[in-house]
Every structure is written in C-alpha cells, then in structure tokens.
Amino acid sequence: MTDRGAAAGERRRSRTVNAALLLPASAWFFFLLIVPLIILLVFSVGARAPEGGYTPALQLDNYLELPTRAAAFINTLWMATAGTILCLLVGYPLAYYLATRAGTKRTLLLILVVVPFWTSFLIRTYAWMSILGNNGIPAIVEALGFGHVTLINTPAAVMIGIVYNYLPLMVFPLYVSLERLDKRLLEASKDLGAGRIGTFRQVTLPLSAVGLLSGAILVFIPLMGEYVIPALLGGGKVFFVGNALVDLFLQSRNWPFGSAASIGLIVVILLAVSLYLWLGSRGRVEREVSLL
Amino acid sequence: MTLGTGRPDRGPAVDRAGRWVDGAFRLEAVLIYLFLYVPILLVVIFSFNAGERTGELRGLSMRWYEYAIGDAFAMGALRNSIGVALWTSLLATTFGTLAALALQRVPRVVRAVFDVLIYIAIIIPGIVIGISTLIFFVNLFGFVNPWLAYVWSVGGLGEPPVVQKGLHTVIAAHVLFTMAIVMVLVRARLSGMDRSLTEASFDLFATPLRTFFQVTLPQLAPAIIAGALLAFTFSFDDFIIANFTAGPGQPTLPMYIFNSIRRGITPEVNAIAAMVLMVTVTSLVIVALIYRRQARQGGAFGASEGAPILEGDVA
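For the protein sequence lines, the chains are A and B, in the order given.
So the first sequence is residues 8 to 299, counted in this note's numbering.
So the second sequence is residues -15 to 299, counted in this note's numbering.
Hints listed in this document are in silico derivations from the structure and should not be mistaken for laboratory results.
The beta carbon of each residue, even a glycine, is placed where N, CA and C say it ideally should be.
Just so you know, not all the hints are guaranteed correct.
Unchecked claim - Restraint ranges, calculated between C-beta atoms of paired labels, are given here:
#, chain 1, residue 1, chain 2, residue 2, range
1, A, A15, B, P202, 30 to 36 Å
2, B, G139, A, A14, 38 to 44 Å
3, A, A64, B, R246, 51 to 57 Å
4, A, P57, B, R89, 27 to 33 Å
5, A, G202, B, L15, 25 to 31 Å
6, A, V280, B, L188, 46 to 52 Å
7, A, R20, B, P202, 21 to 27 Å
8, B, M262, A, T157, 32 to 38 Å
9, A, A27, B, A205, 18 to 24 Å
10, B, L25, A, R203, 21 to 27 Å
11, A, A64, B, P202, 53 to 59 Å
12, B, F125, A, S281, 35 to 41 Å
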C-alpha cells in the first residue's frame, strides 16, 4: 500500500472514531432538543382537543391569544429585571469587599457565598416560607407594636426569595472580574487627583463591566423561567410565565396554547439577552474610543 | 504593599472617611452572610422541634427524623432522586467528555453546529425543557405502544408491554442540559491543555488509547470531576423538569418535598431538608479537602483547581 493510501485510510478511521464519539451527544441533542422544539412549534399552531392535549390544525389563534397572558409576561420581565438589579446592588459591594479588602480570609468568605448555591434550591425557598409567614417576621413586628404586616404571598416576598437564591450567581463573576483588576490603576487614578467616587466611576466600574454583564445574564435567564419561588412565596398571587405554563400543561391541559406561550418565552429571553449583549458591546466600544 | 491584597483607598494616612467606608463594607458583608445562613440555620433548628407544628419550638427531639426515616414515601422519593442523579451524572459526563474530545478534531462547521446546540440547551429555561420533553415522550409512546401491541398480538405473545413515563424519562431530560455543561467545562480545559505532552507521548510510540488514558485523561480529570459533581447536583436538585417528565407514583425527592409543602408545612419536611443539607455540606467539605490535597501535591491538578467547581457553578 502506498503512503497516500495509508494516509487516506488513517483519515477515514479518524473520521469514524470522531463520529462514534459524537454519536451519543448528537442523539441526545437531536431527539431531546431539536425534535421536541419542532414538536413545540407544530403544537403551537394546533388546536386543543376536547379532552385536553392536542389535535392537528394550522392556525395562529394560540399566538393571537397570547395577549391574554400579557400580565404574566410583563410581570416576569419586570420581576426578573428588578431581581437582577437588586442582586447587582446587593452583590457588588460584597464582591468588591471580597476582592479588594478581605485580605487572607477571602477564599473562605467566597466559598461561604457559594455554598448555599449547592444546597437544595427548594429547601432554601422553603426556609423563607416560615420566616415571612405570619408566625415569622410579621409576628415579631406586631409584638414590637408596629401593627400588622403581611409579607408572604406578596411581590416583596418573591423578591426576597429571588435575591436569596440568585445572589451567589451574581457575586461570583463580579468577584472574578474585580479580583483581576490591576490595583495599580486605582493608585494611578488616585495620584492623578481622582476622588473615591471618581475612581470608582471611571476605573473600577468600567473594568468590572464584563463580570457585571455575565452576572446579570446568569441571574436574568433562569429568573425568566422561574416557577418555584413565585409558587411558594407568591402563593398564586404573584404570577410568572412559568406558573402559567405549569397551569396550562398540567392542569387545564391546553397544550397548543401552552406551546405558543413557551415559544413566546424563548423569544423574549433571546431578545433580552441580545439586548444585554448589544449594550455590553456598545459600552466596550465607547470605552475603547474614550481611551484613545 | 502587596498587589494582591492591596487596599486602594488607604493611603499612607488613613483618613476618617476611609475608615468609615471600610466599616460600611464590612457591615454589608456581615449582613449578607447573616441573610444567607440564618434561614438555613432556622430550618435545621426547627427540624429538632418536639412539637406538632412548625410555627413554635417546643423542646428538642429527634422524633421528626425518626418519622421521616420511617416514611416509606419520603425514602422512596430519596432513592428515586439518588438513582436519577447518579445515572444523569454518569451518562452526562461520559457523553459530554466523548463529544468534547471529538469536537477538537472535526471540521469547523460541525463544531459551530454543536456550539449552537450547547448554547440552546443551556439558555432554554428548565421549564421549557420539561415541557418539550414531556410532549416528545407522549408522542413517542403514542407511536410505539400501538406497534408493540400489534407485534405482540400477531406473535401471540400475550399481554403487550407498555412503555410510559418513569424515572428513565427524567434521566433523559436531565442528561440533555447537564451534558451541555460538561461539554463546556471539558472543552475549556482541553483548549488550555499543553499539546506537546500528547505529541511527546506519540513520539515515544504510545498507542492513541494509551496516550488518552495516561496523558489526556489525567489532565482532563478536574474538569470531568467538576462536571460530574455539577450534573449530580443539578439533577438531584431539580424540581421543575422532573415534575413534567416523571411517571405517576414515582416522585423524586424535590417533588415529594414540594408536594408536602403544598399540603401544609410539617416538621417532617424540616427533618428531610436538614438531612439533605447535612449530606450536601459534608460532601462539599470532602470535595474541598480532596482538591486542597491535590493542589498541595501539585502535578496535573494545579493549585487553581478549586476554580473549575466554582466556575462550573456559574456556568
């Protein structure tokens, strides 16, 4: 056999090996991601069978009906955005403290932020049910003579649950970007006469923008599909798209409308993430320009 | 002043405002740690409640632990969850690692397609994965079952088997997105790997298989372990996907906990929660110790190997 033949045989064998290695992952992606998403699209233009489920049809009624759930979409977008901003406001000072001022204890302190994230999401949310419930903080407030307050089953309770559960996702990328920040730049800024706030605004904040952006995305995306927190802490009064979807698929069994709502949710998430990324890239360009 | 722990706001003379700012940061940190840990601590304390209700603490006892351990439904759910998480972790890590290895060596188009698929699998919320998997399996079973019935009746084999939702459908759905996470971690590790070692191994006449097991695999180990841990945790923790894809009468532990909370809070849930917390924290400490030991020993596990877990955490 010639050298060229051997090389061709080698290439063919390597291609077979690669295909074999990719086979299980491809099968999973195809049957459990692509096919289901296509079925979701097909269902979304179908009609609800009388006994629930799906009958074939070709109509846009389900999409035209989506505005009836506009409240859930708007509420989800608003709560997810507010939750992301709140996580940022609470998380940034902590990440800054850990990265620049915590000294030798900072690894331990960082691990302590991340540990709750590894414990059960459901249990962490459950913990707040008793605290915010009428025997928890409201009872203490009342005993102190401040009158009656209701916390559980309000948007405020859901927001507390959101910050509690998602804070680690925000702090970690922020910490990474702040930790990498060259401390000499801060000194330079100070030497050049910038005050504390000026240094923060013109040096620290722009240089931690990458961490800020990835933290925001990491918090925002899963928040858009949130179900457990509004279900447990919102008590059916604070409605997310996730709660509407569970209702549509498992209770009222209106699968075609539920499929249309799922597609709507995916589209909203993609749009929001594109907006984030666009804002991020624009910010970066502006900074580069201003540095020139 | 060392650069790593530099305190940018402290000049030679610590002014009053500087101390005030420092104190404010410290206070915020203390409040956040209280915020993070007090609720978890309360769950554990109330799990020792001797009383019937969760609201008030009436003496300490282990009765709710005994009750939870004796509860066949709760323990069945725990077994289901452990089984699902182990299978998910095993399959996701294997498939993800194999694919990551192949993706280094395929044409750019194939790689781009997989990049998009990984991106979609990670960005789609769990609830949509649960829904689409549910629809897929309902369609699949609706198609397969009549055929099975037909074949069995033609063959005169008696009662035909019926495939339906169960723990396997939960595993299938969990493997999809955990596999994507493993691929991200392993590919990140592969791209940072030293190629010359593999080449050296080939130059020394090692077979590809031997090179893989003695050179590539040990270098990939931290990413693979991190991926396996993440897959296990996500799977063990997941409620929403399991809620859509689990078969009737086969709840996972999060499903069991969610449904008991919905029925009304009992101290039993606290006991189960406390046990889960203890297991999680113990395993975290063990993992941390292993990483620390390996970091100290150096070698293939560099000192920065604590990072993949945390990074994976965020991915």
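Hint check:
Checked against the hint of 30 to 36 Å, the pair A:A15 and B:P202 passes, with Cβ atoms roughly 33 Å apart. For B:G139 and A:A14, the Cβ-Cβ distance of about 51 Å falls outside the hinted range of 38 to 44 Å, so the restraint is violated. Checking the proposed 51 to 57 Å range against A:A64 and B:R246 shows it is violated: the Cβ atoms sit about 35 Å from each other. Under the hint 27 to 33 Å, the C-beta atoms of A:P57 and B:R89, about 53 Å apart, miss the expected range.
A hinted range of 25 to 31 Å holds for the C-beta pair A:G202 and B:L15, which are about 26 Å apart. Remark: the range hint 46 to 52 Å for A:V280 to B:L188 is upheld by a beta-carbon distance near 47 Å. For the pair A:R20 and B:P202, the supplied restraint of 21 to 27 Å holds, since their beta-carbon distance comes to about 25 Å. Taken as a hint, the range 32 to 38 Å holds for the pair B:M262 and A:T157, whose Cβ atoms sit roughly 33 Å apart.
Between A:A27 and B:A205 the beta carbon distance is about 23 Å. The supplied range of 18 to 24 Å therefore holds. At roughly 36 Å, the beta carbons of B:L25 and A:R203 sit outside the given window of 21 to 27 Å. Hint check: A:A64 to B:P202, Cβ distance near 57 Å, so the stated range 53 to 59 Å holds. One distance hint, 35 to 41 Å for the beta-carbon pair B:F125 and A:S281, holds here, with the actual separation near 37 Å.
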